[in-house]
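Next come the chains, spelled out residue by residue.
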Amino acid sequence: MKFDLRLPIGLLFSFYGLLLVIFGACSDPKNYDRSLHINVNLWWGIVLLVFGLGMLVLALRGRARKP
Amino acid sequence: MHIELGVLDYLILLTYFVFVIGIGWVLKRQMKGSTDFFLSGRSIPAWVTGLAFISANLGAQEVIGMAASGAQYGIMTSHFYWVGAIPAMVFLAVFMMPFYYGSKARSVPEYLKMRFDEKTRGLNAISFAVMTVFSSGISMYALARLLEILLNWNFHFSIVVSAVVVLVYIFLGGLTSAIYNEVLQFFMIVFGFAPLVFLALKDIGGWSALKEKLIPVAAGQGYAAGTWTQSWVHMNNVKDNPMGVEWMGMVMGLGFVLSFGYWCTDFLVVQRAMAANSMSAARRTPLIAAIPKMLFPALVILPGMIAIAMDYSSGMQFLPMKDGAPDYNMTIPVLLAKYLPTGLLGIGFTALMASFMSGMAGNVTAFNTVWTYDIYQSYIAPNKSDNHYLWMGRWATVFGILISIGCAYLAANFNNIMDMLQLVFGFVNAPLFATFLLGMFWKRATGHGAFFGLLGGMIGAAVFHGLAIPGSATPGIKGGWIAPHFHFNNSMGQNFYMAIVAWTTCFLLTIAISLATKSNKTEEELKGLVYSLTPKIKSGDEPWFKQPAILGIVILAATVALNIIFW
Chain A
1 MKFDLRLPIG LLFSFYGLLL VIFGACSDPK NYDRSLHINV NLWWGIVLLV
51 FGLGMLVLAL RGRARKP
Chain B
1001 MHIELGVLDY LILLTYFVFV IGIGWVLKRQ MKGSTDFFLS GRSIPAWVTG
1051 LAFISANLGA QEVIGMAASG AQYGIMTSHF YWVGAIPAMV FLAVFMMPFY
1101 YGSKARSVPE YLKMRFDEKT RGLNAISFAV MTVFSSGISM YALARLLEIL
1151 LNWNFHFSIV VSAVVVLVYI FLGGLTSAIY NEVLQFFMIV FGFAPLVFLA
1201 LKDIGGWSAL KEKLIPVAAG QGYAAGTWTQ SWVHMNNVKD NPMGVEWMGM
1251 VMGLGFVLSF GYWCTDFLVV QRAMAANSMS AARRTPLIAA IPKMLFPALV
1301 ILPGMIAIAM DYSSGMQFLP MKDGAPDYNM TIPVLLAKYL PTGLLGIGFT
1351 ALMASFMSGM AGNVTAFNTV WTYDIYQSYI APNKSDNHYL WMGRWATVFG
1401 ILISIGCAYL AANFNNIMDM LQLVFGFVNA PLFATFLLGM FWKRATGHGA
1451 FFGLLGGMIG AAVFHGLAIP GSATPGIKGG WIAPHFHFNN SMGQNFYMAI
1501 VAWTTCFLLT IAISLATKSN KTEEELKGLV YSLTPKIKSG DEPWFKQPAI
1551 LGIVILAATV ALNIIFW
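Residue numbers (the numbering used here), protein chains in the order written: chain A, 1 to 67; chain B, 1001 to 1567.
Be careful, since some hints might not be right.
To be verified - Subject to a maximum C-alpha distance of 20 angstroms in a straight line, what follows is the list of computed SDA-like cross-link-like pairs (lysine to any residue): (1) A:30 x B:1008; (2) B:1211 x B:1563; (3) B:1338 x A:29; (4) A:30 x B:1342; (5) B:1028 x A:3; (6) B:1338 x A:31; (7) B:1202 x A:34; (8) A:30 x B:1006; (9) B:1239 x B:1222; (10) B:1202 x A:38; (11) B:1338 x A:37; (12) B:1338 x A:32; (13) B:1202 x A:47; (14) B:1202 x A:36; (15) B:1032 x A:3; (16) B:1527 x B:1279; (17) B:1521 x B:1511.
Claimed, not checked - Here are the simulated distance ranges between beta carbons: (18) B:1233 x A:60: 47 to 53 angstroms; (19) A:53 x B:1523: 51 to 57 angstroms; (20) A:53 x B:1018: 18 to 24 angstroms; (21) B:1520 x A:53: 53 to 59 angstroms; (22) B:1534 x A:46: 49 to 55 angstroms.
Calculated from the structure, these hints are not laboratory results. Even glycine gets a Cβ: it sits at the ideal position worked out from N, Cα and C.
Here chain B stands alone, though its shape is the one from the complex (with noise of 0.2 angstroms):
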């Protein structure tokens, strides 16, 4: 597998990172306190923080991640984002923005500690901090690698330059830099992909052809004829679809507590709409991030649905192999080398890179804010000057990079580390939704309860591990390291449910304890915090397109539409 980049694709490339860092120089003069660098100084429209929103989940692995399901899966990858994700970013935008926008507080983690106490918040901001350098190296070493296949850059070479990249511009910028370079990754993608899918389209015949072609790639595995393009027909039983996932599964664990708990407590995307420079202008930005992620499917699933319905015409010529299968994640490279003339190639690679780069980005600024404001103001050094912790800020860009770096020779050098790590965050992430929930919408939670909640939820998801194994796996890393007592069809499916029964545990534990201790917050503390304590936003006199309700619900009937055209 081999690209070859034209001068003129290697001119628009080099033209986006002059483009990317010229926006940071000009912003640093505009970074004059703390607030402007972690929070944009709350001044971001919300068509800005909006889009921003859905690039800052945008990065390389969803793009390159979700065409391989969709070649491996066919079109039930959809429900990563008509089940996984339009739901739960509706609710954040109607119900629980007005908390985190209105608390002012800085951070997710913040916002823990306003309504519960220190050592929820404590939890929260050390395991999200070490998540997310973590996460921003593993997209570090996965652009080097990519780079090495395809161009046959120098997988150093790579690590430095994505890595200096992406430093200056935050260095300058902060989450300003951030979220504006976001916006300009959104539009290379939308201009980058949708050629390709295009003409991958039309070489194949359009939809009802690739239907068609479809039907041998369903069959050759196994499955009835319609597995590839008719996402809910098949989830009666696990045994019926690729992913092994029947509708239970996927409605509660992906569609409830994976989705809710990524879109709802994730501060790489929360971050974004707290930039916002109004309530209603946060509060309308997940919304107006859920039109696009309504519709990407058609720029990254479809393509690899195209990919390997012309594979199987083809004799599995089309894909290259890896360990005796399709090698899924080369999807979009091949599709990029087959279709794109030089020119467009540039615009789709730099799609591409710069996806990759984002999804770096936004991990160091959540990070760095999350390490000034909870971790170092917190414990470290409170009570400094403004200045000082811009300073700050601007170092744990540094040394946040740094251990990136750190983290992608870590990923190049021994895979188990990473994997085992991945799972550990799995632990962490899965109970988190509960919390918030109650934290939200129950005002006797109590800080004893949500952490020991917390805590309880993520040590079930741990024995839930133990307990589950996918398929013929050996105990181990997947699963059943304590005894395979319950089997899955893949880990995909073994996933979920250990979501379900972290959040469950994380539910029912908060709610005992809470109902165990006395209130550590009294009713006027909690003002602006919990639901029946804040008083209810008025929006009477905006146009109905700018009403959040109103909208939240026209896009989820629009998601509904989607479900049943597809179904």
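With the rest of the complex left out, here is chain A (with noise of 0.2 angstroms):
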């Protein structure tokens, strides 16, 4: 394989859900009345952090294993 693919996903979904629960912890409420007074930044970010760091963990394995 080239490069693990799953360091730049694990990357780019850390720094989205990161982006996105910052965003979603300190924005206005008023923000949310379009979707269905979810604060869908917070919790979407939530998931999105937790992939990537999944994706980084398992990157970071791979490249444990190998020399």
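Assemble the dimeric complex from its two separately framed chains, guided by the hints.
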């Protein structure tokens, strides 16, 4: 394999997740009138963050296995 | 129709572009020879090629178009997945991949050359190359139009930006770059659209409320109550459903001819599997792809169904109107704008843009390979160094994209030319699967048989098109230009039957001509290319979930179950 694709996927989605979580936590609840009063940025941000970190963990474990 | 993107959304979009180009940049150092550039050095693990396989197909026409069909035809659109995709993907994996991958052919046309002869390869390579640059141009045009409508971006600016991004990352990293970015785009689509579907479905009151609200949609257009939520019940007669297709045309036309023709012979998707790191991984590629493909209707068709239900219950206020009918193509953008707040909107919008670009990239990588190996190396400059072909591949990417830009402008100015071209592509593609089926499973099929069978199938398609006409259309581009003889409810039904005619013509002609001509290849030469002359693959020591046949059966069983649940 060229380089582990899980690395950029992990980085990108961790970054997106973090961005959405921070923005979701700080933003005005009025923003979420359109999303049925659910703070989707916060909640979906957490999902993205977990996914992204999971990918990073897998990538790092994969790297550790190969010398 | 307008979408307001915030600073955060632009930041998300920009980050995506940085990553996409960054991946190409990192891969650049690993592009040492033409095999690295065109085939990723046959080194990619199955989960990556599998997701890229499905993502290459999940272009924007797919996302926007399937949502539009979901609104226009309801759940019957799922036939494009559960009938028109999964069975063919399983067939490709279990039966055809051993020959594609095992023959070490570098492209689908090259397989035809090894199995049949030069002229069959030439016919396929040239028509395929032309088709890919035009498809890529159409993607580019559609993206630029959408950005113009939604964000008031300048049309020329959008064309240049999308062309430059795609050009840079393929020029640098070749097929690997395209594949990696397709996987990235796969996750963007899933993560961008899942919350959208969740919110829309919650808003309308869940699945049972949606079913309820789709009854007036069906009734309003003169169909039985469950037409939008039952996929098979209303298929006995063409007049019973908005698609204007009955089950025979659906199963044979879409499910057999068109679906197998696309999934099993189109180099755009097959190339992804050819890049896999082993025979086993190559065979698992379409199977891994089949799993998300099976579930995509929830992501792309369901939003269309929700949107049309809302449109009717709001007195046609939900979707914008175009020429007196709802503009179904605006389904996804309307939902994005309605439900996603700034932040998540950036993710959803980036996913949409990414899908346009990966559609272009998929076509461009297929084009540069076929151009370099099957046209340039075969007819223009044979026996050059490998470095020379790598150089050619890079520059083929550049002029492929330049021609695509030309096509995008052509599409912008002369709509008819594009319709005409797509029609011709239809003729060219329809018979292809017959040639491959006979080539792989009948050792007696000859080069002359394949070539003239293929040509005959294309002509058959054109003649049928000239004799058939949909609805109340006037003879011309829609059909009937010879004499309108067969009447169809609409062009979809007509297309399905055109495919059946083309396939049958090609199948019978190839057999007849093959029997009348001498074999042009010895049995030794056909080893690894034809079923009966190839040693069977033993897959004894792999766990069951890695064995293509078992995996294929599980996937088919799940597909049958889905058809029954939504019968």
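Note to self: I'd like to know which numbered hints this structure contradicts. Please list them from smallest to largest.
What the structure shows: none
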